[in-house]
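Visitor: Taken in sequence, the protein lines are chains A and B. So in this note's numbering, spot 88 of the first sequence is number 88, and the numbers just go up one at a time. With the second sequence counted from 1, adding 313 to any position gets you this note's numbering.
Just so you know, not all the hints are guaranteed correct.
[What the hints assert, rightly or not] The calculated DSS-like cross-link candidates involving lysine-lysine, where the alpha carbons are at most 25 Å apart (straight line), are:
1) K732/B to K163/A
2) K24/A to K256/A
3) K158/A to K604/B
4) K963/B to K978/B
5) K535/B to K174/A
6) K163/A to K602/B
7) K67/A to K307/A
8) K535/B to K163/A
9) K535/B to K158/A
10) K163/A to K743/B
11) K864/B to K9/A
12) K604/B to K142/A
13) K158/A to K743/B
14) K766/B to K778/B
15) K590/B to K756/B
16) K131/A to K158/A
17) K590/B to K535/B
18) K963/B to K1009/B
19) K732/B to K722/B
20) K174/A to K722/B
21) K756/B to K604/B
Worth flagging that the hints you see were computed from the coordinates, not collected in a lab.
Take a look at the letters that make up each chain.
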Amino acid sequence: MPFTAKSGKFNASINTLTIGTGDKAITLGGENVLPFYTFDAPIENAPKVGIEITDGGMENEPECIQKCYEGCTTVVDMAKAAAAMEGVEFLSLRLEGGDPNGLNKSTEELVQIVKDVAAAVDLPLVVCGCKNVEKDAELLSKAAEALDGRNALLLAAKEENYKTVGAAAGLAYKQVVGAESSVDINLAKQLNVLLSQLGVNGQSIAMNIGTASAGYGFEYVISTMDRIKAAALSQNDATLQMPIITPVASEVWGVKEAVASEADMPEWGPAEERGIDMEIETAAADLVSGSNAVILRHPASVVTISKLIKELV
Amino acid sequence: MTLFDVVFKGNDAVYGLTEQAIDAAIEKHGADKAVAFPDTAYSLPCYYGVTGTKVGNLGELKTALGVVKTLMTRNPRLHDGFMSGIATALCAEFIEVLKYIDGAAPYEAPCYGHLADAVIRELGVPLVTGDIPGVAVILGAAPTAQEGVDLIKSYQAQGILVTLVGGIIDQCEELGYKTGANVRVIPLGKDVTAVIHVVSVAVRAALIFGNIQGGDAAGLMKYTFERVPAFVNAFAPLDEVIVACGAGAIALGFPVITNEETFRVPKSLIVQKDVSKFNATSLEARDIKIKITNIDIPVAFASAFEGEIIRRGDMQVEFDGSRVDCFELVQTKEASEIEDHKIEVFGPDIDEMPVGSKQSIGYIVEVAGKSMQTDFEPVFERKFHSYLNCVEGMMHTGQRDMIRIRLSKDTYNAGFRLKHIGEVLYAKVKSEFAAVVDKCQVKVYSIAEDCTKLRHELAIPAFDKRDERLTSLTDESVGVYYSCIMCQAFSPSHVCVVTPERLGLCGAVSWLDAKATNELDPQGPCQVITKEKIIDERIGEYEDVNDAVRKFSQGALDDVSLYSIIEKPMTSCGCFECICGIEPLSNGVCIANREYAGMTPIGMTFSELASMTGGGVQTPGFMGHGKHFISSKKFMKAEGGVARIVWMPKELKETVAERLNATAKELYNIDNFVDMIGDETVAEDPETLLAFLEEKGHPALTMEPMM
């Protein structure tokens, strides 16, 4: 009996979501097949790759990454350099200095950096908070105001602060709202529903379903992503059809495998190579599990992951 | 004169004034003269919101007035009254916009007049999040300046944004009361038409935040009614113009509260003679709930103190329900019977109680709310234990009329008194159950005779009634079941179907709990499951239940039965209190509870059974369940019910004995059924167990084979 291939194309699809404006704007989602299943149906919008810098500038970066930004002194310099790197399709600015338990930089100071970076690059922008829900509410609201007209992604609204972030980003300034939950399909769904009830258009939400570095409870991330994509496509669950964006960099560059120096761990080999490997492995797994965009830190990882995507889509 | 006549008359008067003003302006400036409010994208926001037309010049304004005229129909009907109110508001906007011709700045401090779009975006966020819980529009002069300022202060204390129009502005100045956007008190203007500037805020909120398109008048009114928590406080005397404006406010969903004896319209035009009660009346009318952020007690309140033990030597006083009469009770009341945040103490305070003494106490938390149900009372009450334990230096055990509370000397010395018990309960009930509790008051009784009387005449009958309700709740008597997917974080495909006679397998979620959880958190883990389409009554299978299980398990499960262990049994997450498994030799089942560490006649320990049963997969022959389910008439109903139970650990047997015996008596007319059930002292292997069962004449032996 001859083998007849059956198309695994679904009747439902992931939402199409545009971030940024003008020629450089990127579009996520739109597919009606499982990740990279281009043999079932064409995938119009390939997953996108972004690069991350922080408000801390050069001092904040591991040595190997500082090298890539040689000659830069300010965050704006770094933003410009990052925007010119191969494979970079959007820029993510992480405002980690705002953390009240860390440097506790003022909202005004950080929003000024956001404004300066926005003025310096025309790439689509993602602004990430400092992971403190109260500060993020304030920070991301003000960033939404400062980026009026840029169609930026504010990452992210969480269950504790979704009203403030959602209202400012999604309602007052019509930006794209990131919805962050912690590796649980029901929580992801609940947050999308709550944001929709607030009045935020479901078509302008991107999910961060929670992330981890490979090897650090990563199997939960993968299975959650799998299940979300399955519910979105096979069950046509509109509350889970938002594209997924995964901030890989901030997780990977915090684990010992990526940051321990070669002097401390000679048997692990060169530190830079390890960091890049961790980042590429994590991002590749996120992508095949359903991420529509990944945020990376090392320019070499960006190049490799872009190439991977190009080969597959 | 009817209310309609007053509205129509006021509307006509304002219309006349507006027409004159526009004509005069055209005469002076010409019809092409540009006209619009500054710093807004909507020109005349209210007119744009209602009609979708942006007025650009005086000529167009005159045309717009013609459109307004078409709203002014004169049938004595509600619709005509509302539309005339809207027409009056639009006229006010026209009059106000004329003041801004040629870039004039018609308002000077302290008045703001028109507010820019930027201000609305800024105010909009806290309004959406509820950080600004409401918007008060105070119109006219209060009976005295002090009363006016006190009212403003009361709103400020609640975080409500206050806007002022007319005489109240002068009254603030008279007393030197600080106003301004930074203190959330915004004087708009002294003419009554200035009220349009706050209406404009509401309209633009709908346009900006609600994505309402200009011209969608119905959508606009729906948005302002549902999402803009504004209300009007209009001081006497009210003239026709104010009443007509008020009709406009009501059309947008904003109730008007006044101290003038005038027409009353339920929920919309409310007469409250006592100005000091304007605040409470307004909040109730507009259904505004104030978030409670701090608990007013002299000691700390944190979960860190939950496990604190107060030793006898450190104890100031003890309330001990096992020795004297004590009780705690939640009661649902009508909203009119409750004054929110009223805490009353009847009897002597702790100061008058000898140190180290045992005293009586009774506290009743009375609640009211549109969505409140008496079924929630025990759910709230069960939380009191944790609330009171969180107080530094306070220990609470037990529930209902078997409570014991100890208060430490340190906490007493810090100033803690009986009313603070009320403060804690008030603050927690109001904040944690805000979805269903609109108003709450607490009564604390400390006289022994009162406690005895109330315990026997009020509390015990209430508890009995609840117990009766619980026993009368059957799977057949309720209209819906509930899902519970709280455990999906670690057991992704498991779904509990919670019914009155089959509580969640963790033992912690009864049907009433699930119902309350659903009401309090409509998007949460407990969702309503209908039970209209029965497939098989014997095993308890429903089409609706299957649909729900399929949905909530994301397609992992297709069908479950509620009452069978063999056919499509319900799945287990891993939190089961007990596991029940088939014991083939005796044709029955063995149950092991989590606490039991030994061997069962099935040949597996609890942990070994757990590894078979958990993970959200259907394992025919094994079932996880709560302890309470053991005595349910629905326990394995499809296979013959509780008569199948042949073995349980001794401790578990003792826990369930009384109720299980009652069930067996009712179902099979067997006395002392529990004595027929084996335990670890009888047997840990099937052969010995069988011999025991034969000796006792256990009913399972003669039942149909299970497999």
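Visitor: Hint by hint, say whether it matches the structure.
Guide: Each hint, compared with the structure:
Simply put, K732/B and K163/A have alpha-carbon atoms about 35 Å apart, too far for the 25 Å limit, and the pair is violated. Taken as a hint, the K24/A and K256/A pair is broken in the structure, with Cα atoms around 35 Å apart against an allowance of 25 Å. A distance of roughly 20 Å separates the Cα atoms of K158/A and K604/B; the hinted pair therefore holds under the 25 Å criterion. For the hint linking K963/B to K978/B, the alpha-carbon distance of about 20 Å falls within 25 Å, and the restraint holds.
Straight-line distance between C-alpha atoms of K535/B and K174/A comes to about 22 Å, which keeps the hinted pair within the 25 Å bound. As the CA atoms of K163/A and K602/B are separated by approximately 17 Å, the hinted pair is consistent with the 25 Å bound. Distance check on the hinted pair: K67/A and K307/A sit about 22 Å apart at the alpha-carbon level, within 25 Å; holds. Taking the CA atoms of K535/B and K163/A, the gap is about 20 Å. The hint holds against a cut of 25 Å.
Distance hint between K535/B and K158/A is unfulfilled; the C-alpha atoms sit about 28 Å from each other, more than 25 Å. Among the hinted pairs, K163/A with K743/B is consistent with the structure: their alpha-carbon atoms are about 20 Å apart, no more than 25 Å. Between the alpha carbons of K864/B and K9/A the distance comes to roughly 21 Å, so the proposed pair stays at or under 25 Å and holds. Annotation: proposed proximity of K604/B to K142/A holds, straight-line Cα distance about 24 Å (limit 25 Å).
Note on K158/A and K743/B: the hinted pairing holds, with a Cα-Cα distance of about 24 Å set against a maximum of 25 Å. Taking the CA atoms of K766/B and K778/B, the gap is about 18 Å. The hint holds against a cut of 25 Å. For the hint pairing K590/B with K756/B, the CA-to-CA distance comes to about 22 Å; that is within 25 Å, so the pair holds. Of the supplied pair hints, the one linking K131/A and K158/A holds, its CA atoms being roughly 10 Å apart against a limit of 25 Å.
Between K590/B and K535/B the alpha-carbon distance is near 28 Å, which puts this suggested pair outside the 25 Å criterion. As the CA atoms of K963/B and K1009/B are separated by approximately 17 Å, the hinted pair is consistent with the 25 Å bound. Restraint check: the Cα-Cα separation between K732/B and K722/B comes to about 17 Å, which is no more than 25 Å; the hinted pair holds. Restraint check for K174/A and K722/B: not satisfied, since their Cα atoms lie roughly 57 Å apart, outside the 25 Å limit.
Our distance criterion of 25 Å between C-alpha atoms is met by K756/B and K604/B, whose separation comes to about 22 Å.
Of the numbered hints stated above, those contradicted by the structure are hints 1, 2, 9, 17 and 20, listed in ascending order.
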